[in-house]
Amino acid sequence: MTTPLPLLSVSSLMMQFGGILALNDVSFGVAPNSITALIGPNGAGKTTVFNCITGFYRATNGVITLYGREKDTNIGQIIGEKLSVVDFIQPKILLRKLYYKMFGGSHLAARSGVARTFQNIRLFKDMTSLENLLVAQHTQVNRNLLSGLFKTPSFNRAEQLALENAYHWLSVCGLADDANRLAGELPYGHQRRLEIARAMCTKPTLICLDEPAAGLNPNETEALSVLIHTLKNDYHVTVLLIEHDMGLVMSISDHVVVLDHGEVIAMGSPDSVKNDPAVISAYLGIEEEAANS
Amino acid sequence: MDSFIIGQQLVNGITLGAIYGLIAVGYTMVYGIIGMINFAHGDIYMVSAYLGAIFLAVITFFGIDSVVLALIITLLFTIVFTALYGWSVERIAYRPLRGSTRLAPLISAIGMSLILQNYVQLSQGARNQGFPALVEGSVRVGDGAQFFQVTYLQMIIVVTAFVSMGILTYVIHKTSLGRACRATQQDPMMAEVLGINTDRIISIVFVLGAIMAAVAGILVSLNYGSFDFYIGFITGIKAFTAAVLGGIGSLPGAILGGLILGMSESLFSGFVNTDYKDVFAFGLLIVVLIFKPSGLLGKPEIEKV
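For the record, the sequence lines run as chains A and B. Note that our numbering has the first sequence beginning at 1, numbered continuously upward. Note that our numbering has the second sequence beginning at 1, numbered continuously upward.
The shape of chain A in the complex, shown without the other chains:
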């Protein structure tokens, strides 16, 4: 029996900040075209996992692999690994490490197909909504200085495609009227949706949403869950989300991973996780006390 290859696999991920072990031996997989939720109490290390996946943090240990569009990507590798003594007798590995040290960086994670949104909204506030979406397509447009200056046909064509794509995503996220407003002036709920639209404009295979429902009212949360379903069903994007709104998590996710104190304490379908004693004790802290006494 073979299990289907996951889209993203995180294995034995460890992250240490000085003396604090933020993540300890975290392993999970994300199946293609699914919605996976990452939950856990505050400080469990959920956002740290996101930062490792998107290449912001260099994990202390462990491997994150994205089985992407054309090739597989090792996230740890492309952001530049530390050199070790052993590398000097393996010229191939040394060259690869040096190459990524020179030219690597977390932008490569985005280019390999990972998009993300942030817990606290990080739009380009002084740009219009449309420009925010165009910036996200930077890797797909013609960014040659001279062709931009002289408006060559290829530049215009690429720019036109980017514009159409941007308008498309604005309308999918219900922001068509806000195209030319400054992103910083939009109402809060619209800003949240614009962040998702912007992430989608990078044409990702995996989108990581960090608390997309934070600060939304029940109606907006409902609209959000519809939007997330649209992303999955119509655009075949795999969704990985961190969320505290358990109603939302239980209703939309196919798979739930529960973190506590940097360790995976449970994973499985929403129903099985909901009734897992370890999860209940992590959230309520009752069972643990009882067990200790």
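Keep in mind that the hints are not guaranteed to be accurate.
[Said to hold, decoys possible] A few chain A residues that face chain B, going by a derived Cβ cut-off under 8 Å, partial list only:
| no. | residue |
| --- | --- |
| 1 | G105 |
| 2 | K125 |
| 3 | L134 |
| 4 | H138 |
| 5 | T139 |
[Stated by the list, open to error] Here are the simulated DSS-like pairs of lysine-lysine, each with C-alpha atoms no more than 30 Å apart in a straight line:
| no. | chain 1 | residue 1 | chain 2 | residue 2 |
| --- | --- | --- | --- | --- |
| 6 | B | K174 | A | K125 |
| 7 | A | K71 | A | K92 |
| 8 | A | K125 | B | K277 |
Keep in mind that the hints were calculated from the coordinates and are not lab data. The C-beta atom is built at its ideal place from N, Cα and C for all residues, glycine as well.
Chain B: place on chain A using the hints.
Coordinates of chain B only, in the frame set by chain A:
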């Protein structure tokens, strides 16, 4: 009679201000994108004056007699090589220090400035170098003893400077590259998440600044006809002042600051005293900063929570 002197000093002031503006653009863009003052920028401008003289000599050696053609070719070559200098300075002195303390790149910028000065002094000698007067002639307004004149060179300087600044503004606001520059300026980490190679964008900003400095270097050499390895320092400080006056980080601010500084300097030296024109220029800066700490067109910095 006074109106002619005012006219003459305004013409001189606009010329000077356009050049300050060209150099100030380099300071303001670099500050905008990585929040550091590139003290080596004045010396990039100095290097470009030397490069211009060298290329002009080479071109004359190859027997190109047409002044227009020679100037254009010199300008192009100088731009390319100065851009190379700008890129290398960023790559060698600033990028390895990115992510460390705010002061580290500042110190390395001062170091880079000294290195460039001494390198030029060693390789080109400490004496003044000359630049041939290629453009002569002027337009006179008025008659007899009452006139002011605009030299053709001044016209070329002002037109070239404003065309360059116009192109730069266009690049920043209308092209995909400029869009990425603005995004990186606002939130480098987010730009990185969207797949923009921010290191490359920062390099490009340094290159754009160096190109503007190269244009300024050629124009100043043409205007004054002589330069030495030390011109980068005082002009750099003045251009930096212009950038701060207009609001550092703001592109139109740098241009406006340059013009105000140039005009106030030349009006002051025309009517009051030439020796104290620098005192007046810096005094003006202090007065503006007292009433508008973020500069004329700068946005007040809002602390992000």
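Hint check:
no., hint, verdict
1, G105, "7 Å, holds"
2, K125, "7 Å, holds"
3, L134, "6 Å, holds"
4, H138, "5 Å, holds"
5, T139, "4 Å, holds"
6, K174(B) with K125(A), "18 Å, holds"
7, K71(A) with K92(A), "19 Å, holds"
8, K125(A) with K277(B), "41 Å, violated"
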